[in-house]
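Visitor: Next come the chains, spelled out residue by residue.
Protein chains: 2
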Amino acid sequence: MLVVHHLNNSRSQRILWLLEELEIPYEIKKYQRGSDMLAPKELKEVHPLGKSPVITDGDVTLAESGAIIEYIIEKYGAGKATPPAAGKLDNLFFTHYAEGTLMPILVNKLVFTIIPQRVPFYIRPVANIIFGSVSKQLLEPNIETNSKFVEAHLAKTKADFFAGGDHPTSADYQMLFPLEAIKQRAPGHLGPNMKAWVDRVHARPAFKRALEKGGQYDLAS
Amino acid sequence: MLVVHHLNNSRSQRILWLLEELEIPYEIKKYQRGSDMLAPKELKEVHPLGKSPVITDGDVTLAESGAIIEYIIEKYGAGKATPPAAGKLDNLFFTHYAEGTLMPILVNKLVFTIIPQRVPFYIRPVANIIFGSVSKQLLEPNIETNSKFVEAHLAKTKADFFAGGDHPTSADYQMLFPLEAIKQRAPGHLGPNMKAWVDRVHARPAFKRALEKGGQYDLAS
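If you read the protein sequences in the order shown, they are chains A and B. The first sequence begins at 1 in the UniProt record's numbering and counts up one residue at a time. The second sequence begins at 1 in the UniProt record's numbering and counts up one residue at a time.
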């Protein structure tokens with residue numbers, strides 16, 4: 001039986017969505033973030049990197065969202081997550097782009113917001129100046145460029161999903177977490193087609209089942 | 001003809017290595033970083049994200065290292081970059097892990113080193129304290145965990161390349177840039193098997209040809 005080692009409020013929610021969408025039997029083993037927001041040590045017993053998502057499937061232990069999604073689709077997908085031929089390259093691109101380019105920028109936006117709040121109070125004013133300036137000069141323009149790019153792609157495809165078809169493919173499973181993060185943490189950058197895409201995913205029965213099984217997940221609210 | 005839009009000192013050096021290794025004909029169009037270390041605006045004319053690597057191949061314009069490497073191997077690889085059956089999952093994992101997990105940490109190490117050097121001199125002492133503390137508490141333990149994980153994998157495979165075979169596969173092309181970065185910027189974290197792997201890649205005739213064609217590339221020194 002495939003087991004999803006699922007951390008609350010994390011990228012592994014998209015693995016649950018994929019499994020529900022493809023109607024693949026699985027078990028969930030749940031892990032809760034500590035008060036420091038980090039994954040608990042027990043995850044290190046599953047995989048040495050100690051992060052989520054990670055799955056076990058018989059002898060296989062596999063981490064890294066993109067790898068897990070591709071593994072599940074290839075082994076259990078039965079063609080249900082195959083992109084249309086014309087969207088194969090878009091699917092390949094967005095499958096890598098979600099974690100290779102977009103997520104690191106969004107994680108840094110979060111880190112750069114949190115750090116000034118956590119330094120000793122007497123250096124907080126200087127910290128605010130430094131991190132505010134880096135955000136403005138480096139991060140915000142980067143989020144803007146990337147959001148406009150994603151928005152333009154969705155506007156151009158004129159289809160429901162990233163690869164241009166009528167069903168989600170690996171690109172959609174990968175893109176869910178970063179687009180939810182933009183909706184929550186940088187809503188000014190969420191274009192109308194991005195918003196429609198997130199709403200469309202959230203309305204799917206499979207997504208709702210995954211949410212119920214995964215438990216607390218702030219990004220879908 | 002496949003064209004690599006190649007930025008000096010960038011992740012696109014690994015695309016040149018791949019093309020030389022597979023003996024695929026290609027052209028290079030070179031771009032130089034500005035004094036701000038960023039990619040020049042001309043790259044935005046090739047792809048809206050304005051980054052490198054990006055390739056054009058007839059009607060296809062494709063960015064994102066992982067996507068480019070998979071595209072080239074599938075279209076032109078003729079089986080030469082196929083992983084052994086037993087290493088297929090390792091290949092899948094490291095192909096995503098290189099940019100999805102390892103690179104963002106290494107980029108942040110660089111960013112967190114550069115920022116304190118660029119703030120006005122009168123807040124530099126406070127900046128050094130803040131960024132030094134974040135590096136020590138957050139980044140360094142993360143680099144250590146990941147380096148040990150990569151080292152353990154290479155020690156375990158007892159083979160020349162990441163997927164356990166005698167020739168490079170997509171995992172190796174993806175892992176080259178982050179492992180070169182650890183060798184240069186965090187040499188204390190470079191384990192003996194990681195060092196042997198980097199040296200082995202750098203000794204390959206195809207890598208040397210790629211280096212000659214790509215021009216200035218600090219990470220290979």
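If you are wondering where the hints come from, they were derived from the structure by calculation, not from laboratory data. Even glycine gets a Cβ: it sits at the ideal position worked out from N, Cα and C. Careful: at least some of the hints might be erroneous.
Quick list of in silico lysine-lysine cross-link-like pairs, DSS-like style, CA-CA up to 27 angstroms [stated by the list, open to error]: (1) B:K208 to A:K41; (2) A:K75 to B:K195; (3) A:K44 to B:K41; (4) B:K195 to B:K75; (5) B:K136 to A:K148; (6) A:K41 to A:K136; (7) A:K109 to B:K136; (8) A:K80 to B:K208; (9) A:K44 to B:K29.
Just a sample of chain B residues kept apart from chain A, beta carbon distances all over 12 angstroms, derived [as the list claims (entries may be wrong)]: (10) S35; (11) K44; (12) A63; (13) E74; (14) E99; (15) I105; (16) K148; (17) A159; (18) A181.
Coverage of chain A stretches by chain B, computed from C-beta distances (three or more under 8 angstroms per stretch; other residues unrestricted) [as the list claims (entries may be wrong)]: (19) 64 to 72; (20) 95 to 107; (21) 145 to 153.
Visitor: Would you mind marking each hint as holding or not holding in the structure?
Guide: Now the hints, each set against the structure:
1. B:K208 to A:K41: Violated: K208 (chain B) and K41 (chain A) sit about 43 angstroms apart, past 27 angstroms.
2. A:K75 to B:K195: violated, 35 angstroms
3. A:K44 to B:K41: Given pair K44 (chain A), K41 (chain B) is violated - Cα atoms ~43 angstroms apart, limit 27 angstroms.
4. B:K195 to B:K75: Distance ~31 angstroms between K195 (chain B) and K75 (chain B) Cα, so the pair is violated.
5. B:K136 to A:K148: violated, 35 angstroms
6. A:K41 to A:K136: violated, 35 angstroms
7. A:K109 to B:K136: holds, 20 angstroms
8. A:K80 to B:K208: violated, 43 angstroms
9. A:K44 to B:K29: violated, 44 angstroms
10. S35: The claim stands: S35 (chain B) keeps its Cβ more than 12 angstroms from every Cβ of chain A (closest is about 15 angstroms).
11. K44: Since the minimum Cβ distance to chain A is about 9 angstroms, K44 (chain B) lies within 12 angstroms and the statement is violated.
12. A63: For A63 (chain B), whose nearest Cβ neighbour in chain A is about 7 angstroms away, the distance does not exceed 12 angstroms, so it is violated.
13. E74: At about 9 angstroms from chain A, E74 (chain B) fails to clear the 12 angstroms cut-off, so the statement is violated.
14. E99: At roughly 4 angstroms from the nearest Cβ of chain A, E99 (chain B) sits no farther out than 12 angstroms, so the non-interface label is violated.
15. I105: Given that some Cβ of chain A is not farther than 12 angstroms from that of I105 (chain B), nearest at about 9 angstroms, it is violated.
16. K148: With a cut-off of 12 angstroms, K148 (chain B) comes too close to chain A, as the shortest Cβ separation is near 8 angstroms.
17. A159: holds, 19 angstroms
18. A181: holds, 14 angstroms
19. 64 to 72: holds (count 6)
20. 95 to 107: It holds: at least three residues are needed, and the region 95 to 107 of chain A offers 9 whose Cβ sits within less than 8 angstroms of chain B.
21. 145 to 153: Holds, because 5 residues of the region 145 to 153 of chain A bring their Cβ atoms closer than 8 angstroms to Cβ atoms of chain B.
Hints 1, 2, 3, 4, 5, 6, 8, 9, 11, 12, 13, 14, 15, 16 from the list above are not met by this structure, while the remaining hints are.
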